[in-house]
Amino acid sequence: MTTSFLFLYSIILLTTMHSPAEAAGAGQWKLLSKSIGIVGMHMQLLNNDRIVIFDRTDFGFSNLSLPNGRCRHDPREKAVKTDCTAHSVEYDVASNTFRALFVQTNVWCSSGSVAADGTLVQTGGFNDGEQKVRTYKPCPTCDWQEISDGLAVRRWYATNQKLPDGRQIIVGGRRQFNYEFYPKTFTKAKNAYSLPFLVQTSDPIAENNLYPFVFLNVDGNLFIFANNRAILLDYTKNVVVRTFPNVPGGAPRSYPSTGSAVLLPLKNLKATSIEAEVLICGGGPRGVFEQAKKGKFLGALNTCVRIKITDPNPKWIVETMPKARIMGDMVMLPNGNVLIINGAASGSAGWELGREPVLSPVLYKPNNPVGSRFEIQNPTNSPRMYHSTAILVRDGRVLIAGSNPHIGYSFRNVMFPTELTVEAFYPSYLEPKFSNLRPTIVAPTTQTKVKYNQKLKMRFKVVAASALAMVSVTMLAPPFNTHSFSMNQRLLVLELSNVTNVGGPMYEIIVTMPGSAVLAPPGFYLLFVVHREIPSEGIWIQIL
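Note that the sequence shown covers residues -23 to -1, 1 to 521 in mature numbering (1 follows the signal peptide of the UniProt record, and there is no 0).
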């Protein structure tokens, strides 16, 4: 645990109380829905605590009808020309209910991010959807709106990243070695900008640069990882400002040798130089995709690689996971730990190409010493293979959906049946034995608007007398999750001052908001108080 987490540190408390980080118990599972009618291929949590979920429109008929006799008529569709079933839903986290949404064009293997006003902006797809932009506003009766030719070029398997000015950049896609922005700044703006790095990292067969891992660095440039290489791109000048060392071993870690990646928590936000680290876990050895198509399923990678991208001379550090994994998802938890979940131990991403489901999640604790960062969690009973998703929700649970390695919906006589269920994984910090350590935010209320550099007074309650010993406040951007990558996932550890007890179990704290949109692009975030690694339920804030 770093010094930014420690306030009024008490040696007595730490020597007499057992740390939750070391306590027994490794998470629990609960089935939330036996069927939402569609495959959860893409998921995004919105600031009304609803999750927009969608799959592809050419799976054939789903198990959920569209309301009011609505049907999708598409003469270009390859599966069915007239389809009266839904391929998108809005899932209400609080009530555990869902309603069908109407998406007109094919969103298969698409990308997205949430605009500063909370609108989901979703881009690309396949066939008639490849140049579409779709928007979804969080409201009780809203539905998808489509913008024809919203993109300059076809985007399929692209990655989106929010920018400090509120736009999003869309990087790559199948056979697209370029990037563009949405919305366009003016009508005569150049639409697509060449990115030779995507040519250089493209395997002619496996195309191991699809869904590249993209993160906004603390200097305003973009860290872009594809295949086994990474660069730092100044997108304002279309100049590569740094080329990072190749990953040790040279194995590819992006689709279809699908690993996952996170930007580790950003801390010490008032420092003159803020450190940024990227962690990439899992993937498949070179040739895994081609071999799987021939019926030979190579073992997945059992390593994570970690690099401090702000170092003047950065080097990759290799760590060994307890279990090899391909197609895993990496979820940032409110306390700064990373949950690695879903996926397989052999094979590749793609139709019918994965084998040996990995049922046990793994917790990664980035602040622990090397060699003691991984902790195996309790297993699920449901394999989550190709086209699975995982996202954190406001109460600290991780919701899991999807898994369909078939071209259509297949429920019988297949190795891994199509999954229409939704599960919740309860990290160990939600166990009842930690209830006395769990904070409750009293003020401000949810949906509070804040400004950069603002001093925000917070009040929270916690029963345990150790509340002042170890407190932090974290700010999380809920991501757009698909194909084992969570676009725009970002966790910041905020600067604190004046931690005081104001009577009984009530405490007051002053939190300083991030200093610029480079650190936290404008929009909605979840704010958590974390006490001894136990997070509160989050509240929504909007930074503008």
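Do not take every clue at face value.
Unchecked claim - Derived DSS-like pairs: lysine-lysine, alpha-carbon spacing no greater than 25 Å straight-line:
#1 Lys7 / Lys342
#2 Lys247 / Lys285
#3 Lys247 / Lys7
Treat the hints as calculated values from the structure; they're not laboratory data.
For each hint, the structure was consulted:
1. Lys7 / Lys342: Given pair Lys7, Lys342 holds - Cα atoms ~24 Å apart, limit 25 Å.
2. Lys247 / Lys285: 18 Å, holds
3. Lys247 / Lys7: Roughly 40 Å between the alpha carbons, so the hint for Lys247 and Lys7 is violated.
Of the numbered hints listed earlier, the single one contradicted by the structure is hint 3.
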